[in-house]
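Peer 1: Each chain, letter by letter, is given below.
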Amino acid sequence: MQVVKQILRLLLQLMFSRRILTATFYFLFTFNCIGQDCTLLIQGTVSDDASDLPLSYVNVYIQETSQGTTSDDKGNFVIDNVCPGEYHFIFSHIGCEPKKIHLDIYRDTTIAIGLSHTPTSLGDVVIVGNKGTLNNQPSLSVSRQIIEDNPNQTLSSLLENETGVHLIKNGNGISKPVVHGLYGNRLTILNNGIAQSGQQWGNDHSPEIDPFASDKIIVLKGASAIEFGGGNLGSVILTEAKRIEQEPHLHGQVNYSYESNGRGHSFNTRFEKFAPSLSWRINGTLKKYGDRKTTSYFLNNTGTKEANIALQLEKSINDKIFIDFYASTFNSELGILRGSHIGNLTDLNQALISETPFFTEEHFSYDIDAPKQNVSHHLAKAKLKYFITDSQLLDVTAAGQLNRRKEFDVRRSGRSDIPSLFLDQTTLNAEVKYSNEFGENSKFKIGTQNILTDNTNNAETGILPLIPDYISWKSGFFSTLSKKKNKTQFNLGLRYDFEHQNVLTISNTTPREIIKYENNFHNLSGLLSLKYDITNTQSISLNTGYTTRNPGINELYSSGLHQGVSGIEEGQINLKAEKALKITLEYKWLPSADFSFNALVYNQSFNDYIFLNPQDEVRLTIRGAFPVFKYEQTDANIFGIDVSTQFTIAHSIIGTLKYSYLKGQDTENNQPLIFMPPNSLSTSFVYRTNTPLSLSESAKIDNIEIELTNRYVFEQKNILAEQDFVSPPPSYNLIALKVSADMIFSGNKLRFFCKVDNLLNTEYRDYLNRQRYFADDLGISIVSGVNYKF
Amino acid sequence: MQHCCIKNLYLHCTKKIVMFRSSYIITAVLLSMTLFYACDKDEPEIPNEEELITTLNYTLSPMNGGADVELSFVDLDGDGGANPLVTNGTLQANQTYEGTLELLNESESPAENITDEVAAEDLEHQFFFQSNASGVSVSYNDQDSEGNPLGVSSILTTGDATSGSLTITLRHEPNKSASGVSQGNISNAGGETDIEVTFTIDVQ
Numbered sequence: 001m002q003v004v005k006q007i008l009r010l011l012l013q014l015m016f017s018r019r020i021l022t023a024t025f026y027f028l029f030t031f032n033c034i035g036q037d038c039t040l041l042i043q044g045t046v047s048d049d050a051s052d053l054p055l056s057y058v059n060v061y062i063q064e065t066s067q068g069t070t071s072d073d074k075g076n077f078v079i080d081n082v083c084p085g086e087y088h089f090i091f092s093h094i095g096c097e098p099k100k101i102h103l104d105i106y107r108d109t110t111i112a113i114g115l116s117h118t119p120t121s122l123g124d125v126v127i128v129g130n131k132g133t134l135n136n137q138p139s140l141s142v143s144r145q146i147i148e149d150n151p152n153q154t155l156s157s158l159l160e161n162e163t164g165v166h167l168i169k170n171g172n173g174i175s176k177p178v179v180h181g182l183y184g185n186r187l188t189i190l191n192n193g194i195a196q197s198g199q200q201w202g203n204d205h206s207p208e209i210d211p212f213a214s215d216k217i218i219v220l221k222g223a224s225a226i227e228f229g230g231g232n233l234g235s236v237i238l239t240e241a242k243r244i245e246q247e248p249h250l251h252g253q254v255n256y257s258y259e260s261n262g263r264g265h266s267f268n269t270r271f272e273k274f275a276p277s278l279s280w281r282i283n284g285t286l287k288k289y290g291d292r293k294t295t296s297y298f299l300n301n302t303g304t305k306e307a308n309i310a311l312q313l314e315k316s317i318n319d320k321i322f323i324d325f326y327a328s329t330f331n332s333e334l335g336i337l338r339g340s341h342i343g344n345l346t347d348l349n350q351a352l353i354s355e356t357p358f359f360t361e362e363h364f365s366y367d368i369d370a371p372k373q374n375v376s377h378h379l380a381k382a383k384l385k386y387f388i389t390d391s392q393l394l395d396v397t398a399a400g401q402l403n404r405r406k407e408f409d410v411r412r413s414g415r416s417d418i419p420s421l422f423l424d425q426t427t428l429n430a431e432v433k434y435s436n437e438f439g440e441n442s443k444f445k446i447g448t449q450n451i452l453t454d455n456t457n458n459a460e461t462g463i464l465p466l467i468p469d470y471i472s473w474k475s476g477f478f479s480t481l482s483k484k485k486n487k488t489q490f491n492l493g494l495r496y497d498f499e500h501q502n503v504l505t506i507s508n509t510t511p512r513e514i515i516k517y518e519n520n521f522h523n524l525s526g527l528l529s530l531k532y533d534i535t536n537t538q539s540i541s542l543n544t545g546y547t548t549r550n551p552g553i554n555e556l557y558s559s560g561l562h563q564g565v566s567g568i569e570e571g572q573i574n575l576k577a578e579k580a581l582k583i584t585l586e587y588k589w590l591p592s593a594d595f596s597f598n599a600l601v602y603n604q605s606f607n608d609y610i611f612l613n614p615q616d617e618v619r620l621t622i623r624g625a626f627p628v629f630k631y632e633q634t635d636a637n638i639f640g641i642d643v644s645t646q647f648t649i650a651h652s653i654i655g656t657l658k659y660s661y662l663k664g665q666d667t668e669n670n671q672p673l674i675f676m677p678p679n680s681l682s683t684s685f686v687y688r689t690n691t692p693l694s695l696s697e698s699a700k701i702d703n704i705e706i707e708l709t710n711r712y713v714f715e716q717k718n719i720l721a722e723q724d725f726v727s728p729p730p731s732y733n734l735i736a737l738k739v740s741a742d743m744i745f746s747g748n749k750l751r752f753f754c755k756v757d758n759l760l761n762t763e764y765r766d767y768l769n770r771q772r773y774f775a776d777d778l779g780i781s782i783v784s785g786v787n788y789k790f
Numbered sequence: 001m002q003h004c005c006i007k008n009l010y011l012h013c014t015k016k017i018v019m020f021r022s023s024y025i026i027t028a029v030l031l032s033m034t035l036f037y038a039c040d041k042d043e044p045e046i047p048n049e050e051e052l053i054t055t056l057n058y059t060l061s062p063m064n065g066g067a068d069v070e071l072s073f074v075d076l077d078g079d080g081g082a083n084p085l086v087t088n089g090t091l092q093a094n095q096t097y098e099g100t101l102e103l104l105n106e107s108e109s110p111a112e113n114i115t116d117e118v119a120a121e122d123l124e125h126q127f128f129f130q131s132n133a134s135g136v137s138v139s140y141n142d143q144d145s146e147g148n149p150l151g152v153s154s155i156l157t158t159g160d161a162t163s164g165s166l167t168i169t170l171r172h173e174p175n176k177s178a179s180g181v182s183q184g185n186i187s188n189a190g191g192e193t194d195i196e197v198t199f200t201i202d203v204q
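Residue numbers (our numbering), protein chains in the order written: chain A, 1 to 790; chain B, 1 to 204.
Isolated chain B, as found in the complex:
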C-alpha cells in the first residue's frame, strides 16, 4: 500500500516541474499530502532467529556409577519476554563426572544444535567453568585443532559435601594463548561473551 502512495507523490513532483503555475503546484502538493495519510504499513516479516541460543544443557555422568545430573538454562523467547528457566542440580561428594555441554536453539522446530556450530569454529571458541564451591573443579576433556581446550567435553570432580555456584561461560574470539587461558583461567581470555549462566550446586 505505501508503495503506491510514494509513486503518487513522485508523479506530482514531476508534474510540478513541468507546470509553473503556483496554484497547480500547491494543489499537487496538497493532494499528495492527503494521499500520505491513507497509507498503512505492510506487516513485517518475522526474522528467522537461527543464531539464537535458547538452551544450555550440562549433563554430568558419574564415572563411578549413579544417575546423570542434568543442569539446564532455558530461555525460549530470547533476551526479553518471560524469565529464563534454570534447573540446578545435586552432585555426589568425592565423585568424578564426565560433563557434556549441549547448546540448542529451541525456537526453531526441530531444535537446532548450536554445539555443532561452536565445535566447527573451535579455534574461535572456548568454554570456561568457575565454581566457588570448595573442592569442585572442572578440567577440559577435549581440544581444538591446535591443541588448545574447547570445553564441550569436560571432567568435573567434587570434594566433600558443600554447596555453591557453578558458572559456565562461552567466549567468542578469546585469546587462547594468553597466560592461564588454556588451563581454564578466564581472566586474560578477552573476547566477547556468547553465554554466561550460573547454576546453584549442592554436593552431598
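If we strip away everything but chain A, and leave its shape as in the complex, we get:
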C-alpha cells in the first residue's frame, strides 16, 4: 500500500506540477528512513482548548509509522523508538475534532497540544479568524468530520440536527435552512465569504453549495450580523474552506458512499499541496440518486444528480500580502415527486385524501423527468489581504456569480422539455474591509459591500415569468467596535445599506406591455452586545440588534401561479421595509472537558413583517379555481429557546442533548405565523473504544465509535385550522445508528462508516416538508461509506 500511495503521489505530482525531480526526491526519501538510528523520543501533553484542563485517553499516533499511544490522567504521552524523519502526528479524542500536525523529527522532541471539543456540541466557535476575535454572537458549527461522514446530505440537511436550525424541504433533494424561524430573503448564506446569490426567495430552491468543498459550516444565530451584507435579519450561515496547511507534501482524500434508499452513490475527492510559490486545493464531487422510498412505496421521480468542482489557490506575495482565489461550479438536476405536480384546488383536495400519491409506480428508477429543476451556480472570487502593520489589516474581495435555474413542468405537446421557468442571474460583489486592533483587547472594523444583481428571464418558456427581470444595486457600509475590559466585553456595530431596484414587469392584462419600476431603499442596522465572564467557566452574553430589510423583488412583483403549491402568488408594489428587533441572551457553562451546557433565549419582534397571506377570494381561471396568496405586512413576534448539553461518562461514552423551542405569532391579527418550525428534541450517545485494536505490527483499528441518535419532532400545534390546507402532521420520532472506525496501516488512514437512518422504518410526515401534502417522508435507509486519506 505504501508503494501504491507513493506511485499515486508521483502521478499526481506529474499531473499537477512539472517538478518531477521533487517527486522523485519524496519517493526516495521515504525509503531512506529504513536502516536509520531509531531511538528518538517524542513526549508531550494534551489539554482541552477551552478549559486548559489536561485531556486523558487521547489517542496519539504517527501516521507514517503507525506508532502510537494514549495520553494518561495528566494528559501526558510518550512515543519512543522513532526514526528521524518528517511525520504527521494525529491526535484524537472522544467528542473532539481530530488534529493533525506536521513535524520534522531529528532529535528528542516535546510537544504541547490543545484539542477543541467538537463545536457543534458547545456552540462556541470563533468566527472567521483567530482565537481571541472579539465576537460574542451565539453560534454553532459543523466540522469537516461530520461533512465527510454524511456524504448523502446537502448543505442544509447537515445543519438539521443543530439547535435553532430547521429545514424547509420539497421532497428530499431540495431543502433550505431555517434559522430561528427565518429563511430565504431573511437569511444570508455566505459561500467562502461571498453572499450566495440565486433565487433565494423560492421555498423550493436549495442553496447551490457543495458541502464537501467546505471544511466548516458555521451558523451565526446573532441579533444582527452587521459585517455581512445580503439583507439578513440577524442570522447568517457561513461555509468556509480552511487555509491550505503549510506543509510540503501532497495530501488528498477520496470518499465514496452508497445509500440504500434511493440507491445513491456519492463520490468526492480532494487534493491539496502547499508551496511558497502557489498552494492549491481541488475538490470534486459526483452524486447520483434514484427514486427514494417511504416505508411502503417509491417516491417516483425523486432522483438527483450533482457534479461539482472547486478550486482554491493561495499565495503569499510577501509577509504583508496574501492572495487567495476560489472558484467553484455546482451543477444539479433535481427530480420532483411526480404526484406532487398538480393542477388546481380540486386536484390538491384529491391528493390530500389519497393514501399514496398519484403516479406511484412499483419499480425503482434513476430517471428524472419533468417536473424537475436544473440548477447551476458558478462562483469566482479573488481576495487580497494586506497586513499594513501587525494590528492593521486591509481586506479586498471581488467576486462574480452566475446562477442558472431551469424548472420543468409536465406540459402538452412535447413542451415538457422546454423549461417553464428559466432564470439567469449574474451577481458581482465588491468588498473592502479594514480592521485595526488597538490598545489592549480593542478592535475596530470598517467596511463596505457592494452587490450588483442582474436577473433575466428567458422568454423561451412561453409562460409569463413569476419573477420579473431586474437589476438591483446594493451598497452597504458598516463599522464595528469591540472592546474587552476585565471580565466584560462589548461590541457595538452600525450598518447602512442602500438598494436601488430597476424592475421591468410584464402586465397580466392584454395586450401585454412592459411596466417599469424604480425603487430606492435605505436600511439601517445596529448592534449592541455585552458579554460577562461570571467565572472562568461560566459566561453570559446579551445581544440586541435592530435591522431593517426592504421588500425583495418577489415580495413586490411576484405574479402568477406557483405550481408546487397550486396557488396564485401576488406581490404588492407598495410594501414598506420590515423592521426587526432581536434580543438574545446566552448562558454558557464549561466546568470541565467532560461537561458543557449552553442555553440561548431569543426574541425577535417585527414591524411590517412581510408574509404570504391567503386571501378570501378564489381566482377563477380556465384551469379551475385557485387560492390566492398576497404579500402583506403585519406585526409579528418570534420567541425561542435553544438548549444543548454534552457530558462524558467513564471516558468512553459521550452524551448530547439538544432542544429547540420556537413560537411565531402574528401580533396584529393575534394568530400564529404560518410555516414556523415545530419544536424538537434530540439525544445522542456515542460509545468509543479508548484503545486501538492491533491487527498486525503496522496495522490497527482505532477510534471505533458507535453512535445512537434519537430525534423527536413535536407536532406544530401553534397554527389555526384555516391557515393551511390540512392540519400539521403528528409528532414523530426517528432513531439512527452509526458505527465508524479508522483503520491505520503503513501510514494510510482508511475510515469506514455505516449508519442506518430511520432505523425503525417509522412512517411520518414533516410539517416543513411541502411534500407532506402528497406523500410520506423517507423510510429506512442504510448509508455505508469509506474514506481514504493520505
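Calculated from the structure, these hints are not laboratory results. A portion of the hints provided could be inaccurate.
Subject to a maximum C-alpha distance of 35 Å in a straight line, what follows is the list of computed DSBU-like cross-link-like pairs (lysine-lysine) [stated by the list, open to error]:
| id | chain 1 | residue 1 | chain 2 | residue 2 |
| --- | --- | --- | --- | --- |
| 1 | A | Lys406 | A | Lys630 |
| 2 | B | Lys41 | A | Lys383 |
| 3 | A | Lys433 | A | Lys484 |
| 4 | B | Lys41 | A | Lys406 |
| 5 | A | Lys576 | B | Lys41 |
| 6 | A | Lys99 | B | Lys41 |
| 7 | A | Lys483 | A | Lys315 |
| 8 | A | Lys700 | B | Lys41 |
| 9 | A | Lys315 | A | Lys383 |
| 10 | A | Lys738 | B | Lys41 |
| 11 | B | Lys41 | A | Lys288 |
Selected chain B positions facing chain A (Cβ under 7 Å, derived; list incomplete) [stated by the list, open to error]:
| id | residue |
| --- | --- |
| 12 | Asp40 |
| 13 | Glu45 |
| 14 | Ile46 |
| 15 | Pro47 |
| 16 | Ile53 |
| 17 | Asp75 |
| 18 | Asp77 |
| 19 | Gly80 |
Note that beta-carbon positions come from the ideal geometry of N, C-alpha and C, so glycine has one too.
Go by the hints and put chain B onto chain A.
Peer 2: Coordinates of chain B only, in the frame set by chain A:
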C-alpha cells in the same frame, strides 16, 4: 447597457491582481461601484404564450332539430388580470344533443386551435363531464387510439325541466384504466387538471 457595466468590473478585477498597491485597488473597486449605478435593465422579451388556453367552447347541437346552444368560457389574458367571461345556456327538456368541444388560444393571432394538440395526444388526455342537474347526463362519442374515451365529441341528454351546473374538466395524464374512468367517472382518474370550467344550465 448592463453588459458593458459587467465588462468594466471584470477589467478592474484583472487589474487588481496585477497591481498590489492598496490605494489602486480601492480606487478600482470604488470606480466599478459607481459604474454599477449607471446601469439600466434591458427591456425583456415578452414570451410567446403558445400553450395558453384562453377559450373553451362547448357547442350543443340538438339531434331532433332546433338551434345550437353555445356554452363558452373566455379568459383572454390568462390567470391574472381581467375576470373570465362565462356564457351559460338554456337547453330543451328531454332532448339529445351532440356536443363538440373546442379549445382555443385567442391571445395569438390568428387564434390557435388547442383541440388539435389535445387530440394528437389523445392517450394522455380525457375530458370529464359532471352535472348536478337531474336528468342531465353526458356520454362519450369518441375514442382514443386504444379505444378509451377522449371526450372532444360527446352526447348530452336532458330530462325534465330543471336547472343546475355542468362542469367540464380536462385531465392531463389521467389513469384511463382505473375503475370507472372510461365511463366518465373522474374520482379515480388522477392526473392533473388542465381545464376545469363550470356552466350554469337551465333545462326548459
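Peer 1: If a hint holds in the structure, say so; if it doesn't, say that too.
Peer 2: These are the hints, each one checked on the structure:
1. A/Lys406 - A/Lys630: holds (24 Å)
2. B/Lys41 - A/Lys383: Status holds; Cα separation ~29 Å.
3. A/Lys433 - A/Lys484: Holds, at about 22 Å.
4. B/Lys41 - A/Lys406: holds (21 Å)
5. A/Lys576 - B/Lys41: Roughly 23 Å separates the two Cα atoms, so the pair holds.
6. A/Lys99 - B/Lys41: Status violated; Cα separation ~51 Å.
7. A/Lys483 - A/Lys315: At roughly 32 Å apart (the allowed maximum being 35 Å), lysine 315 of chain A and lysine 483 of chain A satisfy the hint.
8. A/Lys700 - B/Lys41: Violated. Lysine 700 of chain A to lysine 41 of chain B sits at ~64 Å, over the 35 Å cutoff.
9. A/Lys315 - A/Lys383: holds (11 Å)
10. A/Lys738 - B/Lys41: Violated - the C-alpha atoms of lysine 41 of chain B and lysine 738 of chain A are around 53 Å apart, more than 35 Å.
11. B/Lys41 - A/Lys288: violated (38 Å)
12. Asp40: holds (6 Å)
13. Glu45: Because about 4 Å separates glutamate 45 of chain B from the closest Cβ in chain A, which is inside the 7 Å limit, the hint holds.
14. Ile46: holds (5 Å)
15. Pro47: Holds - the Cβ of proline 47 of chain B comes within 7 Å of chain A, reaching about 4 Å at its closest.
16. Ile53: Holds. Min distance 5 Å.
17. Asp75: holds (5 Å)
18. Asp77: With a closest approach of 4 Å, the aspartate 77 of chain B hint holds.
19. Gly80: Holds - the Cβ of glycine 80 of chain B comes within 7 Å of chain A, reaching about 3 Å at its closest.
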